[in-house]
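All chains should be built: construct the whole structure from the sequences, respecting the hints.
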Amino acid sequence: MQDTKSTYASTPIQCRILDPFRSSLNPMTVGGLICTQNWIRSSSTLIKLRTLMDKVEKFEKQLDMELVGEITDFVEGSNSMPIGPIPNAD
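Take any residue in the sequence shown, count from 1 to its spot, add 1061: that is its number in this note's numbering.
Treat the hints as calculated values from the structure; they're not laboratory data.
It should be emphasised that the depicted structure is a prediction, and the values quoted were computed from it without experimental measurement.
Treat the hints loosely; a few may be bogus.
Stated by the list, open to error - Quick list of simulated restraints, FRET-style, between CB atoms:
| # | residue 1 | residue 2 | range |
| --- | --- | --- | --- |
| 1 | 1127 | 1086 | 54 to 62 Å |
| 2 | 1099 | 1130 | 44 to 52 Å |
| 3 | 1134 | 1110 | 47 to 55 Å |
Ideal Cβ positions, reconstructed from N, Cα and C, are used throughout, including at glycine.
Written as structure tokens, this is what we have:
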């Protein structure tokens, strides 16, 4: 009987081939474990995305507040600002 492990272990990453005689897990359980593994691995990406989205929202709020402040300052100071070209100081 040929050992399947030695056949597939020539790569740096050793792999095992599961067959019905060597595994006590049914195919649905194996599929569920693989899906769960993929879900757990991808959750860190979702957390990073949520963190970045929160930072963008915070930045947008700060930018809006700064713009409102600048517009308010401009409107309040517009009564004393001359309209037209600035006279030459020479």
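* Hints that the structure is at odds with (numbers, increasing) -> 3
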